[in-house]
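Trainee: Sequence:
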Amino acid sequence: MAQQLEASFDVLVVGAGHAGTEAAVAAARLGARVGLVTSALETIGQMSCNPAIGGVAKGTVVREVDALGGIMGRATDLAMLQFRMLNRSKGAAVWAPRAQCDRGLYRRAVRRLLEEHPSLSTIQGTVARLLLDEGSGGVLGLETLEGRRFGAKAVVITTGTFLRGRIHIGTETRIAGGRAGEGSAVHLAEQLERAGLTVARFKTGTPPRIDGRSVAYSGLEEQLSEVDAFDYSWSHFWGTPRRHQSGTRHPEQLPCWISFLGEPGKAIISDNIGKSAMYGGAIGAQGPRYCPSVEDKIVKFPAAERHQIFLEPEGHDTAELYVNGMSTSLPAEVQLDVLRTIPGLEQVRMTRAGYAIEYDYFPPTQLDPALQVRAIRGLYFAGQINGTTGYEEAAGQGLVAGLNAARQVQDRPPIVLGRETSYIGVLVDDLVHRGVDEPYRLFTSRSEFRLTVRQDNALRRLSAIAADAGLYRGDEQVMVDRRLAAEDEALRLAEQVSISPAAASPLLQATQSSAIPHRMKVVELARRQGVDLRALFAAADVGQELPLDAVVTADLQIKYAGYFERERLAAEKMKRMGGFSLEESLPYAGMRSVSFEARQKLERVRPRTLAQAASIPGVSPSDLQNLVLEVERWRRVAATVVEPSS
1 MAQQLEASFD VLVVGAGHAG TEAAVAAARL GARVGLVTSA LETIGQMSCN
51 PAIGGVAKGT VVREVDALGG IMGRATDLAM LQFRMLNRSK GAAVWAPRAQ
101 CDRGLYRRAV RRLLEEHPSL STIQGTVARL LLDEGSGGVL GLETLEGRRF
151 GAKAVVITTG TFLRGRIHIG TETRIAGGRA GEGSAVHLAE QLERAGLTVA
201 RFKTGTPPRI DGRSVAYSGL EEQLSEVDAF DYSWSHFWGT PRRHQSGTRH
251 PEQLPCWISF LGEPGKAIIS DNIGKSAMYG GAIGAQGPRY CPSVEDKIVK
301 FPAAERHQIF LEPEGHDTAE LYVNGMSTSL PAEVQLDVLR TIPGLEQVRM
351 TRAGYAIEYD YFPPTQLDPA LQVRAIRGLY FAGQINGTTG YEEAAGQGLV
401 AGLNAARQVQ DRPPIVLGRE TSYIGVLVDD LVHRGVDEPY RLFTSRSEFR
451 LTVRQDNALR RLSAIAADAG LYRGDEQVMV DRRLAAEDEA LRLAEQVSIS
501 PAAASPLLQA TQSSAIPHRM KVVELARRQG VDLRALFAAA DVGQELPLDA
551 VVTADLQIKY AGYFERERLA AEKMKRMGGF SLEESLPYAG MRSVSFEARQ
601 KLERVRPRTL AQAASIPGVS PSDLQNLVLE VERWRRVAAT VVEPSS
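Residue 1 is where the sequence shown starts when you use this note's numbering, and the numbers rise one by one after that.
Hints listed in this document are in silico derivations from the structure and should not be mistaken for laboratory results.
Because the structure is a prediction, the values reported are computed rather than measured.
Watch out, some of these pointers could steer you wrong.
Here are the computed distance ranges between Cβ atoms for each label pair [to be verified]:
1. 622 - 271: 51 to 57 Å
2. 340 - 305: 52 to 58 Å
3. 541 - 346: 50 to 56 Å
4. 263 - 505: 50 to 56 Å
5. 147 - 42: 20 to 26 Å
6. 172 - 147: 50 to 56 Å
7. 271 - 219: 22 to 28 Å
8. 134 - 640: 38 to 44 Å
9. 145 - 263: 46 to 52 Å
10. 172 - 603: 44 to 50 Å
11. 196 - 629: 34 to 40 Å
In the DSBU-like style, the derived pairs of lysine-lysine whose C-alpha atoms are separated by at most 35 Å in a straight line are [stated by the list, open to error]:
12. 300 - 275
13. 559 - 521
14. 573 - 275
15. 90 - 275
16. 573 - 559
17. 521 - 90
18. 297 - 275
Quick reminder that beta carbons are idealized off the backbone N, C-alpha and C, glycines included.
Sequences and hints are given; from them, build the entire structure.
Mentor: Structure follows, in structure tokens:
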């Protein structure tokens, strides 16, 4: 086979969306020779649905990917045209950054960031099949439909919605495709199924796009950007940031607009519900519960008088707007009728119809915690192929899969992020140990450590892991150290600097906090809810040179110290449980002191540690206690077995 190969790589990545690009960069950062294979080089980094990055829990994942050397945060900063910090009213501990991006700028930024890595090559081609070792069953490379063959020691598949993807517009229009205008991948899906992997189907959807020049904005609510206060990536601190021709890091900011779908539009949808691909019977697959179609909203929430609609810009080089809140699979002519009932859109022109798409995914309990397919050595899955939804979830998985694929090639042990370290750790742990019965989306409620696993402290949590793994290049470690030192300096100033009653009085009055009778340390006042550490520093005339993120993190550390300590103790307990390993060959079926339900689930999942066993639904604390006793008993028996003499 060697003579037939066009080239050989350490790691091949199939697909160049958010999972694939992060997988390729992570592997390249470890020094691996990487080939990134995509059906069209022009669509590298394509934002298939809404050109937005971040949100609740998702924004934290973007900063975690960034802390681990990924590119999503850097590309977002270069393409950001509208920014909001969600949950401001709930306190900084649950703030959630969300950025609307210029679709074209984002795609170009991703490709430029990929090409910074000399060991990373991009290859245009549609993958037809994997090359497998007939003896071991492990991967040897892949072959494209064009007949090109490439060797590899590991392959990461990140095919998104392309595996046997089928687009639906109404009940009559069905198009084979992974997204509008691009074909689906059939041969690879069939090969994976023949290899014995369990396959299932999910669906997702996208709303129509409209011509912004046909919108009457005068009656709409304008939502302005807050971008001046935020960067996703730490790489800008004290470094030499990339800049646009305008001289700023971020492009010119644009507003979003808010309208609503009222009774006239709801009536049209109700009257045509049978023409919807989902409600008309054309689609039977499960869709994302937390990103419902507009048909779902009308059917499941009939009492709601109206549903909010966001008109979001697609970029500076187009007047096209994304109609967020109106994902649909109704016929195109019905979509246009509904759009024209929305205030401000009475004369709107629809540039693209919304659609639903069905696609294959492979239940992720078939993966180990490194995201390697248990049945095929060297094969890794990441993104929607694992039953997830969302750019950020895909990016987090891609980083984990690419990192561990490279480490396997280098004969290094995998890196598994714990639930106590990151939302990425929660995501991967949920997928491989709990599985999915609907498209998986991250929420803060999925984490047991959501006070200590925040968007502002991702670098503090993960930089040591990234450094130990070798994910930082050049002077990046120096930049990280300076960023973390700024947090330490903010805490030091708070603890050492005193503020006078006169200087503190205006701030305390504004926040309805009681006055102080004498000079006090800044840290004492910062413990008060509503009293901002930045404002205290300004009043005391110190710390103005410190970056905003560093001061926010210090402020949270001061205000929530007691809560953080409780979570720290819980995290330590989970680490201890993670240190109790579970052998692959444990006879769970015979462990009678463990409940029958727990035995069944342990037998199926086969967790590697007690912490992973604890995350499996249906495995109770008493089951865990009995499991420890059963495992220790099994080990004692195994140790007494004497090999027969030859």
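Trainee: Decide, hint by hint, whether the structure agrees.
Mentor: Cross-check of the supplied hints:
{"no.": "1", "hint": "622 - 271: 51 to 57 Å", "in the structure": "holds, 55 Å"}
{"no.": "2", "hint": "340 - 305: 52 to 58 Å", "in the structure": "violated, 19 Å"}
{"no.": "3", "hint": "541 - 346: 50 to 56 Å", "in the structure": "holds, 55 Å"}
{"no.": "4", "hint": "263 - 505: 50 to 56 Å", "in the structure": "holds, 53 Å"}
{"no.": "5", "hint": "147 - 42: 20 to 26 Å", "in the structure": "holds, 22 Å"}
{"no.": "6", "hint": "172 - 147: 50 to 56 Å", "in the structure": "violated, 36 Å"}
{"no.": "7", "hint": "271 - 219: 22 to 28 Å", "in the structure": "holds, 26 Å"}
{"no.": "8", "hint": "134 - 640: 38 to 44 Å", "in the structure": "holds, 39 Å"}
{"no.": "9", "hint": "145 - 263: 46 to 52 Å", "in the structure": "holds, 50 Å"}
{"no.": "10", "hint": "172 - 603: 44 to 50 Å", "in the structure": "holds, 46 Å"}
{"no.": "11", "hint": "196 - 629: 34 to 40 Å", "in the structure": "holds, 35 Å"}
{"no.": "12", "hint": "300 - 275", "in the structure": "holds, 17 Å"}
{"no.": "13", "hint": "559 - 521", "in the structure": "holds, 14 Å"}
{"no.": "14", "hint": "573 - 275", "in the structure": "violated, 54 Å"}
{"no.": "15", "hint": "90 - 275", "in the structure": "violated, 41 Å"}
{"no.": "16", "hint": "573 - 559", "in the structure": "holds, 24 Å"}
{"no.": "17", "hint": "521 - 90", "in the structure": "holds, 26 Å"}
{"no.": "18", "hint": "297 - 275", "in the structure": "holds, 16 Å"}
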